[in-house]
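Number of protein chains: 2
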Amino acid sequence: MTKKILAALAASAALSSPLAAQIAPEKVAALRDAALKDDLAWDITEGLTTEIGPRQAGSEAEARARDWAVEKLKALGFQNVHIETFDVPWWERGDASAEITAPFPQSLTLAALGNSAATPAKGLSAEVIGFDSMAALEAADPATIKGKIVFVTHRMQPAQDGSPYGPVGQIRRAGPSVASKKGAVAILIRSIGTDHHRVPHTGVQAWTDGAKPIPALALANPDADQLERVLKRGKPVTIALTVTARMAGTRKSGNVIADVPGRDPNAGIVLVGGHLDSWDLGTGAIDDASGVAITTAAAKRIMDAGQPLRTIRVVWFGSEEIGLFGGAAYARAHAKEKHALAAESDFGADRVWRFSTAVKPEALPAMKPIAEALAPLGIVTNRKNGEAGGSDTDDLQRSGVPMVSLNQDGTRYFDLHHTADDTLDKIDPEQLRQNVAAWTTLLAITANDPTEYGPVTPPRE
Amino acid sequence: MTKKILAALAASAALSSPLAAQIAPEKVAALRDAALKDDLAWDITEGLTTEIGPRQAGSEAEARARDWAVEKLKALGFQNVHIETFDVPWWERGDASAEITAPFPQSLTLAALGNSAATPAKGLSAEVIGFDSMAALEAADPATIKGKIVFVTHRMQPAQDGSPYGPVGQIRRAGPSVASKKGAVAILIRSIGTDHHRVPHTGVQAWTDGAKPIPALALANPDADQLERVLKRGKPVTIALTVTARMAGTRKSGNVIADVPGRDPNAGIVLVGGHLDSWDLGTGAIDDASGVAITTAAAKRIMDAGQPLRTIRVVWFGSEEIGLFGGAAYARAHAKEKHALAAESDFGADRVWRFSTAVKPEALPAMKPIAEALAPLGIVTNRKNGEAGGSDTDDLQRSGVPMVSLNQDGTRYFDLHHTADDTLDKIDPEQLRQNVAAWTTLLAITANDPTEYGPVTPPRE
Ligand SMILES: [Zn+2]
Ligand SMILES: [Zn+2]
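In the order they appear, the protein sequences are chains Y and G. Heads up: the first sequence at position 184 corresponds to 184 in full-length UniProt numbering, and the numbers run straight through without jumps. Heads up: the second sequence at position 98 corresponds to 98 in full-length UniProt numbering, and the numbers run straight through without jumps.
FYI, nobody ran anything at the bench for these hints, they're computed from the structure. Values in this document were obtained by computation on a predicted structure and should not be read as measured data. Just to be clear, a hint being listed does not mean it is correct.
Identical copies carry no separate label here, and so any pair may be met within one copy or between two of them.
[Unchecked claim] Only pairs whose alpha carbons sit at most 30 Å apart, straight line, appear in this in silico BS3-like list of lysine-lysine:
hint : residue 1 : residue 2
1    : K181      : K338
2    : K74       : K235
3    : K74       : K232
4    : K27       : K252
5    : K27       : K181
6    : K338      : K384
7    : K37       : K232
8    : K360      : K74
9    : K27       : K336
Generate the whole structure from the sequences, applying the supplied hints.
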């Protein structure tokens, strides 16, 4: 960035940010530090995971979770608390079992992937062909795959920013369709996860045009290790598989919305939230009870500190896991409202380590006080503008809404992600509090600063 | 110990240990250090867990494991390799599922305990009564339990020596009978384990006289946490349970025996080994493929170094998990043979940290060279004679056979013990090698030292 641009930015920031309307740094610091003693985020996370537990998109449990959320948000004093429903496709997991029948008979631990087809009622049995990457599967001659069970094994490494999930996750997202089009009768993938436990990682995959749905499942990592070893023996390997998963029409899902009305209706909404639904295997503690809990606890703190300039809206999105249905429904329903800023918490409950932005360049100086107020929490700033976002806020972002992210440490996130092991005991209350402090800081400043952070054009790809 | 006794011990040791027959310390050190590069123990552990996998006592897989063992032990050059069969009761796990039906509907992850009864085919549903310890269950008025599902939750803490397993494990071993006698329709215990994963810990329990078999299961630790939280809400908690476990007659099991014949048939046998069977949920890597692998690898090293004075016998015991049937059968069949010493490896594959003895007092000086040769491996000596033993060698020990133990670090053993997570990936090859080095050291000395280590009287309680 040149000095000239920097000067222009500073001038623009000065113009659009009358200091009088902003919150004093000392007040932000006081709110931030008080939030380090927060108990509300734990209370919400504990309550939702205990009193509802697993809450698959479109399930009766997700509906109970919406009612639970409404009651909780009203009790906390939020305004305009309501549910906005929408329809989602309903996929039923059913049962899944698999065993190596030759050369070394033994059972395998696995879980069906979202939208997996069933086997015939009596199961199917076929020889296994293994691939060590998505690229190897894509390069394979269909003649070698036809009639076989495809196995794709590629271990994902842990990373603070979770970046391997993008490329490695393609095996789950796209592998089933590729295998099906090449004539596979089923596909088993190594779990997209970094753990070493017999807890397979589920997750959604969508059939591309022309791909006939086949059984698509993830082996737990130790089982993928085992199948690799068995294949390395060089003898033909046969697996018998029985899966009863099925698509079964549509069901109701919904978003739960709660507001802290601002003093100036024209100043736009600061939208924060996470997603209410979880996969069915765990209780969705880190994915994403903690996200709705952290953002709600922070909003509650700002509400209690006096009416903010801007309306703060907390959204507990429904049906994120099966295809971002809640985010899309919200963006459609609220396209005409002015969103000053949006931010989502959906990467667990470990410490926030970085602050990222996706705002218009002229608004960058207004990010500086946020970065400064976050620094005492051990949070660094991502110098590259444009790297913020969230799955449920994707459609908002595409429409030009500016975004920020409080990036959580994801080193152990993919140990637990989409597994039965996503349970309350994995959450460290101290790290959860640091999250609340970071979000409280973010809201204290952005809900009280009239700076226009957007629109952001061109929108992110 | 008085100076007088010490002097007597020294004299006795000098008498019974002609130095000429013993192995030179330099040779022991060379064998020990070479074993730190061992690959055989890994090869056996990898082979048994991959090519057989789970091998429940009495199962067809355990029979395959015996054949696998015979082939492996013969290929390694052991003599007198054979199987000695015996009958065991056959318990079939079947399926088990449970869900909280009120007040917060959600499913629970659990596993039936050995010898658990089934529910009626349609399942059973009952209110839950919780206890936080075995003592609380024992103290409870049967009127409060009758017709209910008992839940006993008591978290086990990790410990290097695994000592909490004795007292906490009583909940599993004795809890079901106590609950049944008080009129419970089923019992759920918190897994006897130190982990935080959705992998329940199975294990055997035996019905005491007059206790009617009922469904008896272990909840995974996160599920026990959850049920505790649900109960703490203070509303009546109902669980629906379906279990198809059953006793189904007897099956064949067996021990696999292999010798390294010694130069002096009258010098007695040094018996080492572990158990071949595993629970059905995991592949029995740490319990106890590693035990048979470590002891076999060490025996092979001594065999290859030249004929020892004493016969070294390696035993891969069958049906340990369901009630020490293999150890009892061995002791019966070999009661007339002279066992100079016995030692078992059955506490995982982590580093040996301590050397323990249970020999006659006069033989203690002969333990000193062993302790000295083990010290460079980071192994300390348990100063209290009488604290060695092993589950499969229990009957031998009761008959007066002296014992030593190479105590492994059990800090993470009960994270994995009796779970689906007991798989090869949990074994650290370097720690496994340290085990082989320790056992090689032990065998190098004891198989070449004519000192009489026993009989030990009175036998251990
Ligand atoms: Zn999520
Ligand atoms: Zn064992």
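Enumerated hints in conflict with the structure, sorted upward: 1, 4, 5, 8 and 9
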